[in-house]
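K.L.:
Listed below, chain by chain, are the residues.
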Amino acid sequence: DAGVIQSPRHEVTEMGQEVTLRCKPISGHNSLFWYRQTMMRGLELLIYFNNNVPIDDSGMPEDRFSAKMPNASFSTLKIQPSEPRDSAVYFCASTLGASRWSGELFFGEGSRLTVL
Amino acid sequence: AQSVTQLGSHVSVSEGALVLLRCNYSSSVPPYLFWYVQYPNQGLQLLLKYTTGATLVKGINGFEAEFKKSETSFHLTKPSAHMSDAAEYFCAVSEGIGANNLFFGTGTRLTVIP
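Chains as they are written, first to last, in our numbering: chain X, 3 to 118; chain P, 98 to 211.
Derived from the structure by calculation, the hints contain no laboratory data.
Note that the structure is a prediction, hence the values are computed from the model and not measured.
Check before you lean on any hint, since a few could be wrong.
To be verified - What follows is a list of derived Cβ distance ranges for each label pair:
no., chain 1, residue 1, chain 2, residue 2, range
1, X, 16, P, 151, 50 to 58 angstroms
2, X, 57, P, 111, 27 to 35 angstroms
3, X, 63, P, 169, 26 to 34 angstroms
4, X, 46, P, 137, 15 to 23 angstroms
Claimed, not checked - With the C-beta cut set under 7 angstroms, the calculated list includes, among others, these residues of chain X facing chain P:
no., residue
5, 13
6, 44
7, 45
8, 90
9, 93
10, 105
11, 106
12, 109
13, 112
What the hints assert, rightly or not - Listed below are several chain P residues computed to face chain X (Cβ distance under 10 angstroms; list not exhaustive):
no., residue
14, 142
15, 200
16, 202
We put the CB at the ideal spot given by N, CA and C, even for glycine.
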């Protein structure tokens, strides 16, 4: 079975440009998470969805960040406009949520974003 | 609110030596505790977990961890380090069921010296 699939794996862009990161969760999982990983701040939860509905976006740093999940098999994280401080590795993770949670989050391989 | 403290951002051990990675947690309710491992250029993957029951839990690749409530600790150990164990290890705590409550520590990078 395929794991969580993220694209692109690497993105280099210039300040001010729009960035869109994509995620395909594991089929059948109903909870999806976006994390950001930096050396300074470690792993931060940005937003999570349950059954395609955003439940908690309190970790989204600014209005420049937005996330959508139009269906159960696809989610995007968009940064517009991007800034150098957004440079990080962005991870998507999925799982069966709530009472069916096994205790395991399944992570994608991440999207490494560099904003020049 | 829950929190996790990992003592030592970098740990180096010789191949064949004991691995000990320390994790202390804070939680207002009985916690669920986890160790995740991240190999270079990869996402995190679950190493082991404690939810209820036996306090000594065994995971993949020969790792184990013991939940000690009195010490609020969940240290990760492996009797004999292999080169392939070089990675970053994250301790995480959750207050009850639900991955939305999962809180990660800052990670410990393990280096194995040949």
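K.L.:
Hint by hint, say whether it matches the structure.
P.N.:
To see whether the hints hold, each was checked on the structure:
no., hint, verdict
1, 16(X) / 151(P): 50 to 58 angstroms, "holds, 53 angstroms"
2, 57(X) / 111(P): 27 to 35 angstroms, "violated, 46 angstroms"
3, 63(X) / 169(P): 26 to 34 angstroms, "holds, 30 angstroms"
4, 46(X) / 137(P): 15 to 23 angstroms, "holds, 20 angstroms"
5, 13, "violated, 15 angstroms"
6, 44, "holds, 4 angstroms"
7, 45, "holds, 5 angstroms"
8, 90, "violated, 14 angstroms"
9, 93, "holds, 6 angstroms"
10, 105, "holds, 5 angstroms"
11, 106, "holds, 5 angstroms"
12, 109, "holds, 3 angstroms"
13, 112, "holds, 6 angstroms"
14, 142, "holds, 7 angstroms"
15, 200, "holds, 8 angstroms"
16, 202, "holds, 8 angstroms"
The structure is inconsistent with the numbered hints 2, 5, 8, although it conforms to all the rest.
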